[in-house]
Amino acid sequence: MNWLTELRERGAARFAEVGFPTTKQEAWRFTDVRPIAETSYGKAMSRWSVEANGAKGLVTGDLSKAGDIAQAHLGRYADVAANPFTALATAFLDTVQVISVPAKTEVTAPIRLSHRFEGNGAVMATPRVLIVLGDQARATVIETHEDSGIESALSNGVTEIVLGDGAILDYVRVQREGTKTSHIATTQSHQGRDSVLRSTSIALGAGLTRHDLGAVLAGTGGSLTLNGLSVISGRQHVDYHTTIDHAQPHCESHELFNGVFDQHARGVFNGRIIVRPGAQRTDSKQTNNNLLLSGEARADSQPQLEIYADDVKCTHGATLGPLDPTALFYLQSRGLSPATARSLLTYGFAADVLTRIAVAPVREDLDRVIRGRLGVESLAAA
Amino acid sequence: MSKGNGKSEAGSVILEVKGLHATVSTDAKKEILKGLDLTVRAGEVHAIMGPNGSGKSTLAAVLAGHPAYTVTAGSVTYKGNDLLDMDPEERAREGVFLAFQYPVAIRGITNSYFLRSALNAVRKHRGQEELDPLDFLSVLEKKLKQIGWDDSFLNRAVNDGFSGGEKKRNEILQMAILEPTLAILDETDSGLDIDALKTVAEAVNALRRPDSATVVVTHYQRLLNYIVPDRVHVLAGGRIVKSGGKELALELEEKGYVGV
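Going line by line, the protein sequences match chains A and B.
Letter 312 of the first sequence, counting from 1, is numbered 507 in this note's numbering, and no numbers are missing.
Letter 45 of the second sequence, counting from 1, is numbered 46 in this note's numbering, and no numbers are missing.
Hint data in this document are derived by calculation from the structure and do not stem from the laboratory.
Keep in mind the model is a prediction, meaning the values are calculated, not measured.
A virtual CB, placed ideally from N, CA and C, is assigned to each residue, including glycine.
Watch out, some of these pointers could steer you wrong.
Footprint (simulated), chain B over chain A, 3 or more residues, beta carbon under 8 Å [to be verified]:
hint : region
1    : 515 to 526
2    : 543 to 552
Partner residues are not named here, just some residues of chain B that face chain A (Cβ under 7 Å, in silico) [said to hold, decoys possible]:
hint : residue
3    : 65
4    : 67
5    : 89
6    : 90
7    : 93
8    : 94
9    : 99
10   : 108
11   : 109
12   : 110
13   : 119
14   : 122
Taking the hints into account, I'd like the entire structure generated from these sequences.
If you want it as structure tokens, here you go:
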């Protein structure tokens, strides 16, 4: 497959040119990847599992099953020039998991895609996913990333999402790798006219996470929900960089990223919103909330609005700090103990993102996971 | 301390405040309450009126146990027990309820979940069985019927994105569910239009019991047309400077605080 070789070579050439980013570069100011740059990685053994209840025409599988779809889309959205790690992942592009839903097809059961990898010594995995929904197709995809508790690893994944006109995708990505793993990821979506993408990215694991989410609203009337939740502790670090590109008029984007940071954990959020010339009647809202559960936890939040149209509505807001003492008192004044009040507020902070996940079984599964992670299993079930 | 069902006989003293002094916790020199006395009996409605900065909201906050204020002298006896010795959650479980002037939004937690958690904390304290979601729903429906409201905001996050009027109504709904012995309404009328005010007042009246008491803290006489007080107190400079019947509120409305 020449196109694949060419794609790999493009990635390799780009990476050879730019190398690993350093903290001197603005986009990498808070995230130091020297430990990755200084490690020499072998190849990880990637294991994918795919659960899908067949709808007519639904294709799931690797290049042997979906070569034409892959050739048409792969590497067209996740630009190797945009991010050195995307270039590196593309250079080492191996297997690709493709999910393709033909036009006017509705897949009702969630499609569950799970990546788990293993290896001896330091290893790198490059999980690559391509999700393509034809015009007016509809699906739910859950993408999970785990490892087998290995010694030192780099997971450097790329997911590309392509939505045709009027397509609707509910997409949830859950990352729960071990803390000895560095998790670098690129998610790039491209939406057609009147399409709807509801995306939730959840970071619970990995020692270092850097996730770049890019979304292009490339047709009029598109709607994007780009949500995220980090729940981390110890010395974990999560850096979310998001770029929402309003390329066409009459699109809306709602972005909510909440982070719960305990012990020495560190959160970074950079939310860039571009409104292109002519993208009139854009309606965009960005919110980033950071809950610091210890005096040592830290978070940085940076909105970055670039607006080149004049008839638009763009708002952004960020919060940062410990649990609100007034809210704690409010709950106590209703009879709840201080410990229960703290649990409830912390859980609510995470649930604020979870409750927006439209697909009930997915939401309920995650709710259990998050309760466990926050240590609030004792809260009465909703 | 009594762990009973919070039953008080009509006419018995529920709250006795004597010589209460309180300062801002972060600034011991800033004294707000300067020797306040107040006696509230079962079955009564008391109105505390006064200009801005007179200490009305501080009194409400101190009675609920807000950590922003420190009591430096005086006593507060509630159903025969030392109220000041109790944590805020103990006060709530013993039947003290403060309707906040500025209710707090709790994101991610639905109103019905919050209400059930609060009710179960109180029930557990009273030695009653905790309610599961279904049982709670029937309690809730009964209460909504009693006060004539619908359930439109039960599945929304607590006060999150609520209008001013919805927040105040939500405080009264909490009061309905928790069935307090002593309800303190802190400027519940502020920011309400006349229709919303009537709705809230009617609910408060419907919830009155012979064994409970209500303290209404307000700047304006308007609310007292709908929740008619047995006693009206004028608070100024951190003390009660004048007390009287419901006609005192009308006098205040006519002459202003300076005139009285």
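Checklist entry - Given residue 90 (chain B) was flagged as interface, is its beta-carbon under 7 Å from a beta-carbon of chain A? => result 5 Å, holds
Item to check | Minimum beta-carbon distance criterion (7 Å), residue 93 (chain B) to chain A | outcome: Given a least distance of 4 Å, the restraint on residue 93 (chain B) holds.
Item to check | Agreement of hint residue 67 (chain B) with chain A interface, Cβ distance less than 7 Å | outcome: 6 Å, holds
Item to check | Per-residue hint verdict: residue 119 (chain B), partner chain A, C-beta under 7 Å | outcome: Constraint on residue 119 (chain B) satisfied, holds at 4 Å.
Item to check | Interface hint outcome for residue 108 (chain B) [beta carbon to chain A under 7 Å] | outcome: 4 Å, holds
Next on the checklist: Verify this for me: three or more residues of the region 515 to 526 of chain A with a beta carbon less than 8 Å from a beta carbon of chain B.
Outcome noted: holds (count 7)
Item to check | chain A contact restraint on residue 94 (chain B) - CB to CB distance below 7 Å | outcome: Because about 5 Å separates residue 94 (chain B) from the closest Cβ in chain A, which is inside the 7 Å limit, the hint holds.
Item to check | Agreement of hint residue 65 (chain B) with chain A interface, Cβ distance less than 7 Å | outcome: 5 Å, holds
Next on the checklist: Interface hint check: residue 99 (chain B), Cβ to nearest Cβ on chain A, cutoff 7 Å. Holds or violated?
Outcome noted: Holds - the Cβ of residue 99 (chain B) comes within 7 Å of chain A, reaching about 6 Å at its closest.
Checklist entry - Any CB of chain A closer than 7 Å to the CB of residue 110 (chain B)? => result 4 Å, holds
Next on the checklist: Please check whether residue 109 (chain B) passes as an interface residue: C-beta within 7 Å of a C-beta belonging to chain A.
Outcome noted: With Cβ-Cβ at 3 Å, under 7 Å, it holds.
Checklist entry - Going by Cβ atoms only, is residue 89 (chain B) closer than 7 Å to chain A? => result Interface hint status for residue 89 (chain B): holds (4 Å vs cutoff 7 Å).
Hint violations for this structure: none, all hints satisfied.
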